[in-house]
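Position chain B against the provided structure of chain A, taking the given hints into account.
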Amino acid sequence: MTGVWLVVTAAFTALACGIPGTFLVLRRMSLTGDAIGHSVLPGIVIGFLFSGSLDSPLLLAGAAFSGWLAVMWIEALCRRGGVREDAATGVVFTAMFALGVVMLRLVATRVDLDPDCVLFGNLETAIHGAGMEIGGTRVPNIVLTTGGAALLALVFTALMYHRLLASSFDATQAALAGMSPGLAQSLLLGVTSAVIVAAFQTVGAVMSVALLVLPAASALALSRRLPRVLLLVAVHSAVSAVAGIYLATWADCNLGAAVVLAGAALMVATWAARRVIPTL
Amino acid sequence: MTDWLAPSLASAVVAALLLGVSCGLLGTIVVVRRMALTGDMISHAVLPGIVAGLAWSETRNPLVVLACAVAAGVAGSAAFAAILRHTRLKPDAALALVLSVFFALGIAMISRLQPSGVQAFLYGQVAAIDRNDLKLLVSAGLLTVVAVPAGFHLLRMVSFDPMFSRITGLPVRAVETVFYVLLTVTIVIAMQAVGVVLVTAMLVTPAAAARYFTRSLSMMAALACVFGAAGGVAGVWISTLRDALPTGPLMALAVTAIFALSALLGPRHGWLPQVLRRRRERTRIRGEDILKHLWQIEENTGAPAERTPEQLAGVFGTSRRALQRFSALGLLDREGGLVRLTGNGHQRATELVRAHRLWERYLTERAAYKTDHVHDTAERLEHWIDEPRRRLLAEQLGQPTEDPHGSPIPPDETEVAR
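Going line by line, the protein sequences match chains A and B. The first sequence finishes on residue 280 if you use the numbering used here, and the numbering steps up by one all the way, no holes. The second sequence finishes on residue 418 if you use the numbering used here, and the numbering steps up by one all the way, no holes.
Please keep in mind that the hints were generated in silico from the structure rather than gathered at the bench. We treat Cβ as the ideally placed atom computed from N, Cα and C, and that holds for glycine. Treat each hint with caution, since some may be false.
Claimed, not checked - For each label pair, taking beta carbons as the anchor points, the in silico distance ranges come out as: (1) B/P91 to A/A175: 50 to 58 Å; (2) B/L265 to A/Y246: 52 to 60 Å; (3) B/P91 to A/L159: 30 to 38 Å.
Just chain A, same shape as in the assembly (with noise of 0.2 Å):
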């Protein structure tokens, strides 16, 4: 049982950062996601500090807010600070990250919160962590955590689909239509905090990022057509996920890393393959 729940909380995990990264990478903002991925950290201390359990919807609370507030300081940075966007990101999101360290370290005695899970999660011991019975069979509350993450992705994109694709290939058009872009990058940012936090514990800040980028670097290889990108995203999830399981028992090695090395091959083979066939 146990396998099925890994794969199952991986793909999910895979699932629910790569919808939202994908618009990251069509709106060239991967590396506000990494900035979110590193800034979302004094938020969730803070919401477990209060909540005292990884799976409370104070910690995506926590982590959205942080994470909203460091997109505001860089951007206030580079508009009113005269600071370059490369250098603000810099900045900002160090400090949230050493701010956040901090708070754990100051904390770790009284809580159980495991400073590893930081720079990467341990998907083997979320499996083991609490869970509920459901239908007679115990699920771990990291799949139901991740799978609402997805499932919150799904909706989001499923709901501002017309907006998202405006905003992100042309957001002056979007505007003349009535669309709110920037409501709908504030929005796809909020999204990115709640799908990174669930990804926290099975991957951790770092890898999450690849987790955001990898599956829409290798469907922009295959397809133009949003739908259809968003459709081989879910296809590298799912692949990433399994053979991440498989190269993880192969090796020996960080589950979180493996599903990451995983996709990271896939997206090498799907671009080569791309080369022999231009026609795919």
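Frame of chain A, contents of chain B only:
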């Protein structure tokens, strides 16, 4: 206080100082070349190399680790270039891909090989820096401190105008290679102090803070060194105050605090100087409006105008600061509670009216404005046109004597005096 004399702490302080200086120097170049996130990519990309080096060298020989790390950093840069060349992906996605996938490779290798000493690179442990590391740090720091200023002129040329440098026969390739290798070495050493993620803070934040003070690259580099060293030492000091305080993140937070202060107070684009400058400009414009107001009353009535501050406040709102400043400048006279123009004030008001009416004339004649639409634009612009420009406007318009509404345009007073 005796804690400061403890050898481990002393070496931590020395390490923080050296790191601050070499990161500040290289970070300046990194920031002006807009490659802050390239630095971030390198710091993640070296991880597989570090793990390989640690696993390979039983004795944890720093030179072996460093060589492997540099090799991994080069591989990361090559992967970045390959993604850009062979796919349609944009630089942001390529950076994110390289940094996260190389990091994942490093994590996979850590979980497989379990090398000792890798914790220091992941989370940073200044205390774990031993004699060997310190020797390496000192030599790398000295190399940076000598090489960067010595090659500063060359590095600046190559950084700002690579095309021109290549044409003039400068060794662009060699300079770039040396720079990248120095950067990677510094990143690897800094990682042991602050951890993989926060290297970017030591590299970018002091230099970004220094930009708030100066435009000159060499001044910026010097300031960045000072900020980096100060932040590093402050971080080490704060971490001694309580147990369980991690040094690396505190160093990062200390440089961020310096950055925040610079963003508030720095003379270039800093928040407070900007607010003050804007307030000064507002006061000047208010004062000039008052001068013009008094001048126009005199034009209409033919007699020098006197108004109480309350009457002026009725027109402009409370203008205490403007009145104070303009009387201090000798443009307004406030004897006996009445505000009137001084001789200098009168001349300044004439210039303003001249600018206003010339500009109205220009807008109607040259920019096809309706005569009833020109006032507001001219009202704003009159404060920014100096005498050479007023003269230019007058020449272009053929020395007009009346504005579009039929009011006379005052002549150039300096011209009259001549």
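Structure-based check of all given hints:
Range check, B/P91 to A/A175: Cβ separation about 26 Å, and the 50 to 58 Å hint is violated. The hinted range of 52 to 60 Å is satisfied by B/L265 and A/Y246, whose Cβ atoms lie roughly 57 Å apart. Remark: the range hint 30 to 38 Å for B/P91 to A/L159 is upheld by a beta-carbon distance near 31 Å.
The structure fails to meet hint 1 from the earlier list, while all remaining hints are met.
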